[in-house]
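Can you build the whole structure from these sequences, using the hints too?
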Amino acid sequence: MSDISKSTLKRLAAGFRPYLPGLAAALVLAAVNVAATLYAPIVTGRAIDLIIAEGKVDFAGLRPLLAQFAVTIVIVALSQYFMNLFLNKVTFAALKDLRDRAFDNLSRLPLKYIDSHPKGDIISRLITDVEQISDGLIAGFAQLFTGVVTILGTLVFMLSINVKTALIVVVLTPVSLFVARYISKNTFKFFKEQTSVRGDLTSFVEEMTGNQKTVKAFAHEDEAEEEFEKLNRSLQDVSVRAVFFSSLTNPCTRFVNGLVYAAVGIVGAFSVISGHFSVGQLNCFLTYAKQYTKPFNEISGVITELTGAVACAKRVFDLIDETPEPDESGKDRLDAADGTLSAENVFFSYDPKVPLIEDFSLDVKSGQRIAIVGPTGCGKTTFINLLMRFYEPDSGRIVISGTPAADFSRDSVRRNFGMVLQETWLKTGTVRDNISYGRPDADMSEIEAAAKAAHCDGFIRRLEKGYDTVISDESSTLSAGQKQLLCIARVMLSLPPMLILDEATSSIDTRTEILIQQAFGEMMKGRTSFIIAHRLSTVRNADCILVMDSGHIVEQGTHDELMAENGAYARLYNSQFDCG
Amino acid sequence: MIKLFKYLKNYKKEAVLGPLGKLFEAVLELIVPLVMAQIIETGIKNGDRPYIYKMGAVLVLLGVLGLASSLTAQYFAAKAAMGFGTELRRDLFRHINTFSHTDIDSFGSATLVTRMTADINTVQTGVNMLLRLFLRAPFIVVGALIMTLTISVKLTLIFLVFTPILWLVIDFVTRRTVPMYKTIQKKLDNTSMIVGENISGVRVIRAFSRQHDERERFRDSTNSLQNIQLSAGRVSAVMSPLTYVFVNIAIMLILWFGGKNVNTGSLTQGEVVALIDFMMQILLSLIRLAELMLSLTKAQASSARILDVFARQPSLTDSGNTDPAPVEGAPAVEFRNVSFSYHDSERPALEGISFTAMKGETVGIIGGTGCGKTTLVNLIPRFYEASCGEVLVNGSSVKDYTFEGLRGSIGIVPQKAVLFKGTIRENMQWRKRNASDDEIMKALTTAQAADFVKEKQGGLDYVTEQSGRNFSGGQRQRLTIARALVGSPDILILDDSASALDLATDAALRHAIASDTDRMTVFIVSQRVSSIRNADRIIVLDDGRVAGIGTHHELLENCAVYKEICSSQLTEEVQDNV
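Each protein sequence line maps, in turn, to chains A and B.
The numbers in the first sequence follow our numbering, run straight up by one, and end at 1484.
The numbers in the second sequence follow our numbering, run straight up by one, and end at 583.
Among these hints, one or two may not hold up.
Said to hold, decoys possible - Calculated cross-link-like contacts (lysine-lysine; reagent style DSS-like; alpha-carbon spacing at most 27 Å):
#, chain 1, residue 1, chain 2, residue 2
1, B, K447, A, K1117
2, A, K1089, A, K1198
3, B, K265, A, K960
Worth flagging that the hints you see were computed from the coordinates, not collected in a lab.
In C-alpha cells:
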C-alpha cells in the first residue's frame, strides 16, 4: 500500500478515536460471535455422535448437549446483534463528524477554492465519497476482521479435531479464491466496456430525448433512431458478455466448494472407518467446509472496496485540509461605514500569468453612484469580488471609511454592503426566511415593509401560502424577475450604507424591470452605490463610469468626459443604438 | 411488468432454457445431502471403501453437472434479459420520437430520459434475476421439503413450522427497512442540496455573514440523517441473528426428535445429518428469495413508469398527408383567428391571433415574458396544434403537410441554444444532411460565427461536446442560428436567440440576416426593441392577444403597450431619432 493511502488510513483511524470504546466493543463481540458460530457445529457433531442407531441413542448425554447448543445459539445471536448496533453507532457517528468537519471547512474556505472547483465535485466529496467510506471502509473493516477471525478460528478448530481432513480444506479452499479472482479480473474488463457503452447510450438519450423539441424542429427522428440502434446493439453485445462473466463467480466457487465437500466426505469417511474420527465430527467438518470459502470470497471483495474507499477518504480529507480564510475575529469591526471608499493602486489577477486589474485607483465620496459597464464576460464580477473581500488585492489596498478594509474583520466589511446580483440566489425555505436572511431577528411588520418597498408584497400575497410559501432557487413558482425583487427585499430589510447592484438584462419582462428599477432608485437614495449597468439612464446619471474590457478597467470618468475621449465607451454607447 | 414480457418473444428459447438450467442445478444440489447420507449409512457403517470412492465420484459428478447447467442457464438468462432490454429500449425510443410537444411537456423531458435509461436498466436486471431465480429458489424450498418428507413424515412437521417463520422474519425486516432506506435517501438528498446551495449562494451567504447558521443547518440535516440511519440499522441488525436463532432451534428439534426416531429404528444417523443440511439450504434460498422480491418490486415500479409512456398515444400525427404544392400568391405564413391553450391550463395562451407574413418579409414579435411569443411561433412548424382557427403555410393548412415536409422548409433557432455531441460540421448538417462546407461557411458567416469557428482547431472538424458546453453562451447561440440557416429555409424563426450576444454582435447579426436572406420570411421573437425595430411588421403581444400590428413608427403612434416597452428600453432621444 502506498504512503498516501497509509497516511489517509491513519487520518481515518484518528477520526475514529472518539469512538474507540464502541469500536473495541464491536471487535470483541465479533470475536465472540465467530468463536460461538464455529463452536456450534462441534456441539451438533457431538450430538450426532450420540444418535448412532436403533437402540443406541444416548438421551442422557443428548440433553446437556442440546442445552449447551441453546446457549451457543443465544451467544451467537446476541453478540451479532450488539456487534451490528455498535458498528452502526460508530460508523454513522464518525461519518456525520466527517461530513460536519468537511462542511465547516467549506464554509470557511476562500471564494477562490469554491470558484475554481466544480460544484458537483464538492458535493460528491461531501455526499458520495463519505458514503463510500461507510460502505467500503467501515463495513469492509468489519467484514475483513470477522473474515480473518473466521478463517483462523476454523483452522484452529479443524486442526484440533483432525489434522488430515483439515489439511484438505486448507489446501483446496484457496482454489476457489483463485477462481474468483481470475473471473473478477476478466469481468472487470467487460464491465468497463459496458460502462463506457452505457455511458455513450445514456448521453445520447439525454441529448436526443432531452432535446426532443430540437430533434423535431429539424425532423431528425430517423437519423436519431438509426444512431440509437447502433449504440443499443453494441450495448446488448457487451452487456451479455459482462453479465454472463460476472455471474460466473457464484457457480464456480460453488463448484470448488462442492469438490472440497466431496473430498472432506471421502477422506473423513475413511478416517471414521479407521476410527480416528466420528460421524458427528465429519458433519461438523462438512459444515466448516461450506462456511470456509465465504470469508475468502468476502475478503477479496473487501480489498477492492477498500482501495476505492481510501481514494474517497483522501478526497474528503483534501477538502478538510484546504486552508481556510484566516481567522479575523480579533480585528476591529466596521460598524457603520460613512460611505466613502477608495482604491489605491490595486493590482489583482486570478492567475499570476494573466494580469487583470493593474494599478487601479478610484475615489468615491459618500452617496456617489459608480456605474460599471462593458461587454458580457468583461470581468465586472472581479470588481465586486474585491469590494466584498471575496478576493484580496495582490497589492495596493481598498480603504473604507478612511481605514484599509483589510484592517476590519471580513464579515463586518461585507455587512456594510447590500448586494443584488443578476444571478439571483434564494435558499430553500419560506419567503419570509428568504427576506429576513440578512436579519433573522426581523419581525413580520419589518419583513412586510421591506417586501412592499421592493414591490413584492403583491405577488407574495398571491402565492399559495403567502409569506410562508416554501420556495427554492430552482422552483418555477417564481419568475426570474420576481426572484430578483425578492433579493432586493432581502437587502431592503437591512439596507447597509453601500450598495452593489446588478441591472437586469433580457430575461426579465419590461413591467417587472420597471419595478426593479424603481426599487433600485429607492435604495440608492443617499447611499454609495456600485452598479453594473445595462441601462443608458443609469450610466448617464452616474458620478463615475468604469469601463471594463476582458478584465481590465480601460476607461474611467463621467459620461460626457468619456464621450469626448471617443474611446471604448463611446464605441459601446454607439453600438447599442446603431440602427442596424 | 408482465405486460412487458412480450419483449422476450424473440428470446423464447433462452427464456425457457435459463430457468430450466437453474432448476436442474437445484435438483442436483438437493441430491448432495442424500449421497452424503449414503456415505455415512452404507459406506462408513459397513467399512466399504470402494463404495465411498464411488459415492465420492458421484459427488464430483454432481458438481460438474451442476456447474455445466448453471453456466448454460446464466448464459441464456443473460442473453434473454439483455435482448429484452435492447428491444424495449428501441421501442420506447421510437415511441417517444412520435410524441408532439404537448406530449413531451406533459411528461417533461428529464423524466423521459430517466425512463429510457435507469428504468429500463432496472427492469432488465429484474428480468435477469427473475429468469435465474424464480424457479430455483422456491424449488429448493419445496424440493427440500419433499426430500424431508421421503426421509421422515413426522420430522417434516418441524420444517413446515419453521419455513414460514423464517420467511416471516425475512419479509418483516425487508418490508420495515425498505421505506427507511427511502427516507435515508431523501435525507441524503437534502444534505446534498444544502451543500449545493452553499456553493451557489456562497456570495450571498457571506455578504450577510450567515456561515454560522448555515453550519447549524447542515448539522441539523446530518443529525436527522444519522438518526434515521441508526433506526434503520437497528431494524436490519435483527435479521441475521433472528434467522440464525430460528434455524438452530429447528436443528435442535431435529436432533432431539431425530434421536428418538433413530432410537426406534425409523431413521438413520446419516438421515439426521441430511435433514440438518436441508434446513440450512432452505434458509439460504429464503434469503435469496427475499432479495429477488426486492429487486422485483423495484422492477415493477420501473415498468409501471415505462408502460405509462407507452400508454400515451402521440397527440398529433401526419399519417396519410402528402405535401400540398404552394398556392400562387398566398402569404408565406398566415394565422386566421388562432387560439391555443396548453393542456394543463384553462386560460388560453393565445387568443384570436390573425396576421399574414408575405414571402421575404421580416416579422418581429415583442411583448413581456409569458405573453405567448414563443407559443405563437411554435404553431408554425406545428409543434402544437391550434385549439381553434387555422395556421397556413404557403396557402395550405399546416395540418395537411407531412412533418418532414413542413419542418424541412423552416429553419428554427430555439430559445435554448443546444448543440449535439459531434463536430461543428455534423451539427451544421442537421437541417440539410449533405450540406457542403461552402454552404456551411456561408451560414456561419451570416450568423457571425465564421470567425471563431475558423479559430478553433480543425475548423468545422472541431469537436462539440454534449449540449455544446465547450462553447460560450453567445457562441452557441450563433452556431444554432447558423444551423437553422444551412440549406436556406423558406421560413426562419429566431426565438429570442440573441439574448446572450452583446449589443454590437446582435446588431451585426441583424444586418447580415437582413441582407443575406432576402427571399426568406423571417420571424424574430425578442424582448429588445432594438432587435425588431426595423422589421417590416411588428406584432405586439400582450397576455396572449395582439395589442398591435404595424411598423415601429405606426406602433409608436397608436400602440400604448409598445410605447411603454420602448420607453423602458430606449432614451427619448433615440426614440425620436428613428
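Structure-based check of each hint:
no.	hint	verdict
1	B:K447 with A:K1117	holds (26 Å)
2	A:K1089 with A:K1198	holds (19 Å)
3	B:K265 with A:K960	holds (10 Å)
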